[in-house]
Amino acid sequence: KNQVEQSPQSLIILEGKNCTLQCNYTVSPFSNLRWYKQDTGRGPVSLTIMTFSENTKSNGRYTATLDADTKQSSLHITASQLSDSASYICVVSEGNYQLIWGAGTKLIIKP
Amino acid sequence: NAGVTQTPKFRVLKTGQSMTLLCAQDMNHEYMYWYRQDPGMGLRLIHYSVGEGTTAKGEVPDGYNVSRLKKQNFLLGLESAAPSQTSVYFCASNPGTGAVYGYTFGSGTRLTVV
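Those sequence lines, one after another, are chains X and S.
Numbering follows the working numbering, in which position 55 of the first sequence is assigned residue number 55; successive positions increment by one, without gaps.
Numbering follows the working numbering, in which position 104 of the second sequence is assigned residue number 104; successive positions increment by one, without gaps.
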């Protein structure tokens, strides 16, 4: 069964610290992997999209990595800011472009 | 630039009532989607459309109907609302397949069925 699992479910860190969120998937065939940021009460916003041949991609202070062999991805946030408080969702696209969504990691940044 | 606009933002329905959620996009995107988001779960696809006049079922289509009479609009209908349809509904669009596109989401409709 195609699944996307994220860990941890929630995370609290102090402003200015770094953190890493994990995503494991069992989706096959694999097309691409996406990370979205979802603020409370808002729709998801795309952070990165990585295809099979890409193993790292950055968007400002966000850096996503992909290991297609182990079917794992991570999202690293550097020098966190209060505005980074949100849910971060890992999404894997099947070969036919169907999206399999993870349940997300809720990140809280404390001052 | 508005992007994807959903109306209404909030709604409370009684069991058995009907309603229509409207999604409008101004980016000339071919593909449009309706998702529902429930606590502790990933987004689940209800219905989608790959172009004007076309619709297709997603993962959880039962109890919902859709129409795409105009390219910019995608309507989601609930004919007889049930408490299990209490959820946050998101509309999304993207330009189409053939390349890896990000999805643009609306801000959601929070629906409560009592």
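Heads up, a few of these hints could be off.
[Unchecked claim] Examples of chain S residues toward chain X, derived with CB under 8 Å: (1) A2; (2) F10; (3) M41; (4) G42; (5) L43; (6) P61; (7) F90; (8) V100; (9) G102; (10) F105; (11) G106; (12) S107.
These aren't lab readings, by the way, just hints derived from the structure by calculation.
No experiment lies behind these values; they were computed from the predicted model shown.
Every residue, glycine too, gets a C-beta built ideally from N, C-alpha and C.
Restraint satisfaction for G106/S [CB to CB of chain X, less than 8 Å]: 5 Å, holds
Hold the hint about F105/S up to the distance rule: shortest CB distance to chain X must be less than 8 Å. Check passed: Cβ of F105/S comes within 3 Å of chain X, closer than 8 Å.
Does G102/S pass the interface check with chain X, least Cβ-Cβ distance below 8 Å? Since the shortest Cβ distance to chain X is 4 Å, the answer is holds.
Residue hint F10/S, partner chain X, criterion CB-CB below 8 Å: Violated. Min distance 10 Å.
Cut-off 8 Å, beta-carbon criterion: hint that G42/S touches chain X: At about 3 Å, which falls below the 8 Å cut-off, the nearest Cβ of chain X leaves the hint on G42/S intact, so it holds.
Restraint check, 8 Å cut-off on beta carbons, for V100/S near chain X: V100/S check passes; min Cβ-Cβ to chain X is 5 Å, inside 8 Å.
Given hint P61/S near chain X, where the shortest CB pair must fall under 8 Å: 14 Å, violated
Would the hint on S107/S stand, with a C-beta cut-off of 8 Å toward chain X? 5 Å, holds
Minimum Cβ distance from M41/S to chain X below 8 Å? OK, holds: M41/S within 8 Å of chain X, min 6 Å.
Is the shortest C-beta separation between A2/S and chain X less than 8 Å? 13 Å, violated
Just to be careful: measuring from the Cβ of L43/S to every Cβ in chain X, is the smallest value less than 8 Å? Constraint on L43/S satisfied, holds at 4 Å.
Let's test the interface hint: is any C-beta of chain X closer than 8 Å to that of F90/S? 5 Å, holds
Of the numbered hints stated above, those contradicted by the structure are hints 1, 2 and 6, listed in ascending order.
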